[in-house]
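Undergrad: Residues per chain are reported as follows:
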Amino acid sequence: MSRTDTPAMSRMQTLARNPAVIALTLALALAGCANKKNLPNSAGELGLGGAGSATPGSSQDFTVNVGDRIFFDTDSTSVRADAQQTLDRQAQWLARYPNYAITVEGHADERGTREYNLALGARRAAATKEYLASRGVPANRMKTISYGKERPVAVCDDISCWSQNRRAVTVLGGAGM
Amino acid sequence: MIRHSLIGIMMAIAGMAMTFSTSAQAAVEININKGNVQPLPIAITDFQSNNDLGAQIAQVVAADLQRSGLFAPVNKAAFIEKISDPNKAPRFQDWTAINAQALVVGRVTREGDGRLRAEFRLWDTYAGQQMTGQQFFTQPDNWRRLAHIIADAIYERITGEKGYFDTRVVFVSESGPKTARQRQLAIMDQDGFNVRMLTNSKDLVLTPRFSPSRQEVTYMSFEGNQPRVYLLQLETGQREVVGNFPGMTFSPRFSPDGQKVIMSLQQEGNANIYTMDLRSRTTTRLTSTAAIDTAPSYSPDGQRITFESDRGGRQQIYVMNADGSGQNRISFGDGSYSTPVWSPRGDLIAFTKQSGGKFSIGVMKPDGSGERILTSGFHNEGPTWAPNGRVLMFFRQGAGAGGPQLYSIDLTGYNEQMVKTPSYASDPAWSPLLE
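Line by line, the protein sequences are chains D and E.
The first sequence begins at 1 in UniProt numbering and counts up by one.
The second sequence begins at 1 in UniProt numbering and counts up by one.
Hints in this document: simulated from the structure, not taken from any laboratory.
Possibly wrong hints are sitting among the right ones.
[Said to hold, decoys possible] From the derived model, a few chain D residues whose C-beta atoms are all more than 12 Å from chain E:
1. Ser59
2. Gln84
3. Asp88
4. Ala91
5. Gln92
6. Tyr116
7. Tyr147
[To be verified] To be clear about the criterion: a stretch of chain D counts as covered by chain E if any three or more of its residues have a C-beta under 8 Å from a C-beta of chain E, and this derived list gives those stretches:
8. 64-72
9. 120-128
Where a beta carbon is used, it is the ideal one built from N, C-alpha and C, also for glycine.
Build out the structure end to end from the sequences listed, making use of the hints.
TA: See the structure below:
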């Protein structure tokens, strides 16, 4: 993949826990900023990383090949069609690797007030958990937590960033309520 | 030269006041309710002392009064009379000549037991009368508080309203990049001095609120990845979780008697409002909708509660009785409304309004009428009232990678000031007047 900076890219900073997340976040940032119409569902579809580079069943495999996050429309908590595809893959992966418990983290963009965004993030996490449950993930394997608008991954001053921050992230393990 | 031009400007501004002040009833007063008032020229002389403290106290008093927007301290370079004995009547013509309508003189001395003794007199220069004279004692390291108390006494004597300078603000101190922001609870004097951290930066902390009756704060912390409402004793540092709720608790605030914490409980997709009695530990559910009901705030008499809800689609402000009955929407303007906070005077509810891509701070009456926007921009959020109900503090965030900062604004909307903090700051909450 080319690393040529688009204007949107150069304004963006990313939070990354590991190299795989960096790669995924860059891919998603590009998708959101430059190519919104054809939002890819995982980094794998962009040819990033690839199945060969992550051990099957590892958290890297989950993040890179399945896709650990979905995005929401402004003020919305409904799981979009593209997000459903990601969650379907998550459910399949979790069925294949039944030892993992998960925490779904709900997030909001910065264009709202603090208290409301905490509740909105919780709603997004709950909607995500509910969808995964409908795809066979046992409820007792899933916890949720909301970070409201307090943990953005993208920082800029327009909607290309805000759309990246309105998200639910499925974290293997994790600690929620 | 500088002195002459300064006096000229002052004289020009004050022509009208001078004609009134010749009448026998003339009293130096400011009617806060008039709207955009002309600040009152006041001369604040250095307090007599055998060190720098007298000048420092005068400076803090002057800064407090100036920031209120109601007073214009006269430049010391213009002073004609040098006060030698603060207990003697000043030469009033020396002060009216530079258009100082009020004059503050004082003295600070050290008592035998080590305490500071500060005394001051406030003079009406045109009437040639003393308006008030008071003295206070305190420990030497508490001298800024002494100055704030004197500023409150002057403010109260001239405006007829309680002051708000001897108060503190608890807030969230923020540092680091936006994607990895660290937050600590912090407390400071209302003028930004004496900042002290109350928590370390390990856990995400939000929305601290003062107890009206104790040295205590309620706030939200993500300690142990369990987002919950806590109580923190300011003097001992002791902390405890408020209640044992089956989900995230957030958006806490005390009842006016300090005996209850009101907050939201999140369960799956919806948030409802609960109270917990701090003595009996009993919890009471006040709302039950499938919506997000949050940001509750009591009226000062404790009889009613304002809160925000998206039960009608977008966030709007509602008012209900303290038992949860009679829930009525009061905001009907364009856009969405959130973070309602009842004024300590009871007459207004302050809010954050989101409309047309802007975030504004405004006020409306508790029946929803008389909405006024005080300040508007990319992002203004989270008003908190000064204890006299005349000034609001809030936080402002620019677009992009920077961080939030605190601002104050008075009810006229004309006097907006940044409150300087050592790093980014958000979620301010004003204390009651200290005791």
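Undergrad: It remains to establish, for every hint, whether it holds in the given structure.
TA: Structure-based check of each hint:
no. : hint    : result
1   : Ser59   : holds, 17 Å
2   : Gln84   : holds, 18 Å
3   : Asp88   : holds, 21 Å
4   : Ala91   : holds, 19 Å
5   : Gln92   : holds, 24 Å
6   : Tyr116  : violated, 6 Å
7   : Tyr147  : violated, 8 Å
8   : 64-72   : violated (count 0)
9   : 120-128 : holds (count 5)
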